[in-house]
Amino acid sequence: MIFLFFILFSFSFPYHEITIDGDLSDFSSDELIVDDSSDSYSLNNYINGIYITWDRYNLYIGIEYKLQDDKGILLYIDVNPEEKEGVNDLTNINNWDKDAYFQNNYIDFFYGSWEGDDGNFYRVYSETYSATISAELKTDFSFSKPGTEIKISWQELFPEYFGKVPERLKLSFFAVLCDGSGLINEDTGEFVLVTVDGDSDSIPDDNFKEDSGLRDVKVLPRIFTPNGDGINDTFRISFKVLASGNVKVSLFSQNGRKIKDIFSKSYSVSKNEEVNENIEVSLSDVDSGIYIININFDGSGEMRKNVPVVVLR
22 MIFLFFILFS FSFPYHEITI DGDLSDFSSD ELIVDDSSDS YSLNNYINGI YITWDRYNLY
82 IGIEYKLQDD KGILLYIDVN PEEKEGVNDL TNINNWDKDA YFQNNYIDFF YGSWEGDDGN
142 FYRVYSETYS ATISAELKTD FSFSKPGTEI KISWQELFPE YFGKVPERLK LSFFAVLCDG
202 SGLINEDTGE FVLVTVDGDS DSIPDDNFKE DSGLRDVKVL PRIFTPNGDG INDTFRISFK
262 VLASGNVKVS LFSQNGRKIK DIFSKSYSVS KNEEVNENIE VSLSDVDSGI YIININFDGS
322 GEMRKNVPVV VLR
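Numbering (our numbering), first residue to last: 22 to 334.
Quick caveat, the hints were computed from the structure, so don't treat them as lab data. Do not take every clue at face value.
[What the hints assert, rightly or not] Computed list of lysine to aspartate or glutamate pairs in EDC-like fashion (alpha-carbon distance at most 16 Å, straight line):
no., residue 1, residue 2
1, Lys87, Asp161
2, Lys159, Asp138
3, Lys281, Asp138
4, Lys239, Glu301
5, Lys191, Asp208
[Stated by the list, open to error] Distance ranges between label pairs, derived from CB positions:
no., residue 1, residue 2, range
6, Glu106, Phe284, 23 to 31 Å
7, Lys239, Lys279, 38 to 46 Å
8, Val213, Lys239, 32 to 40 Å
9, Ser259, Gln176, 18 to 26 Å
10, Ser202, Asn293, 21 to 29 Å
11, Asn113, Glu136, 39 to 47 Å
12, Asp42, Arg243, 28 to 36 Å
13, Glu301, Asn65, 26 to 34 Å
14, Arg243, Asp139, 16 to 24 Å
15, Asn113, Lys279, 16 to 24 Å
16, Ser259, Asn65, 46 to 54 Å
17, Tyr146, Leu214, 21 to 29 Å
18, Ser259, Glu106, 43 to 51 Å
All C-beta atoms, glycine included, are put in the ideal place defined by N, C-alpha and C.
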């Protein structure tokens, strides 16, 4: 039992695993960091948004866009922009030279795709040299949210950190379309900054965004035995809702694979009021193991909290 408690409180659980198939509907609304939805879907070339999420082991990127023949897309990534350690002049780079020059951002990685192919992911070594690194990539324009999905491990991005990430890691993203000669006037406007390690422990943070609409989230007991003997057969999830919005509770494996939805409810809450919610849950249909209870609120912003639990039989 002591060993199980050690696992619960020392292991960093992922939130979200994305299936890399070109269908961006896997991403949730709070993972949309760039929303350029003013573009018309009737256009032949547009970028509609960038989605970012991660788990303990991987970074996931979604670019929602569409283009016609003789066009491509580039996604530039600046690691910890305030340090200015990448390359800002890519006018002589060996791959995807589109005369790109950035005044205030220094590129460490980029992704390029031509005419809707799956593309390649590159590490930038100097103003003249870049090389592909291993990533799972898929582009598909047939879905309702068309575009490219990218999965790349933290180990591949930062091998010197042995599976962790640089302390206080921030990533900045910018996407732009291009033709055969250079960048064209269809982009995401500016680099958008995302904090990956806000608590400085070199582990990707659990909560992507926080919102004041949900408070005092508790899951008890954390170790339970749904065997029908009346002792620890169920567990209780409690929380306070302080703003109008939707609460959804889901069960994930410890590897980030969604198993099932547990609870979903919409709340209408007046100012200065709160709703106390208590949910009794049985996981009699799952095997023994470690799981993640994910509580998600999508009111005025979006907040999610992960709580690990152990099922014993």
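Original post:
Is it true that the C-beta distance of valine 213 to lysine 239 lies inside 32 to 40 Å, as the hint says?
Top reply: holds (34 Å)
Original post:
Using the C-beta atoms of serine 259 and glutamate 106, is the stated range 43 to 51 Å upheld?
Top reply: The hinted range 43 to 51 Å holds for serine 259 and glutamate 106, with Cβ atoms some 46 Å apart.
Original post:
Does the alpha-carbon distance linking lysine 191 and aspartate 208 stay inside the 16 Å limit?
Top reply: violated (21 Å)
Original post:
Falls inside 46 to 54 Å, the C-beta gap from serine 259 to asparagine 65?
Top reply: holds (51 Å)
**OP:** Using the Cβ atoms, figure out if serine 202 sits within 21 to 29 Å of asparagine 293.
**Re:** violated (59 Å)
**OP:** State, for the Cβ atoms of lysine 239 and lysine 279, whether the hinted interval 38 to 46 Å holds or is violated.
**Re:** The hinted range 38 to 46 Å is violated for lysine 239 and lysine 279, with Cβ atoms some 22 Å apart.
Original post:
Measuring from beta carbon to beta carbon, are glutamate 106 and phenylalanine 284 in 23 to 31 Å?
Top reply: Since the Cβ atoms of glutamate 106 and phenylalanine 284 sit about 45 Å apart, the hinted range of 23 to 31 Å is violated.
Subject >> Beta-carbon spacing of asparagine 113 to lysine 279 - inside the hinted bounds 16 to 24 Å or not >> reply: Check failed, 45 Å falls outside 16 to 24 Å.
Original post:
Between tyrosine 146 and leucine 214, does the beta-carbon spacing fit 21 to 29 Å?
Top reply: Holds: the Cβ-Cβ distance is about 23 Å, inside 21 to 29 Å.
**OP:** Please test the hint of 26 to 34 Å on the beta carbon pair from glutamate 301 and asparagine 65.
**Re:** With a Cβ separation near 53 Å, glutamate 301 and asparagine 65 fall outside 26 to 34 Å, so the hint is violated.
Subject >> Outcome for the supplied range 18 to 26 Å, where the beta carbon pair is serine 259 and glutamine 176 >> reply: This hint is violated: roughly 37 Å between Cβ atoms.
Subject >> C-beta pair asparagine 113, glutamate 136: status relative to the range 39 to 47 Å that was hinted >> reply: violated (24 Å)
When each numbered hint is compared with the structure, violations occur for hints 3, 5, 6, 7, 9, 10, 11, 13, 14 and 15.
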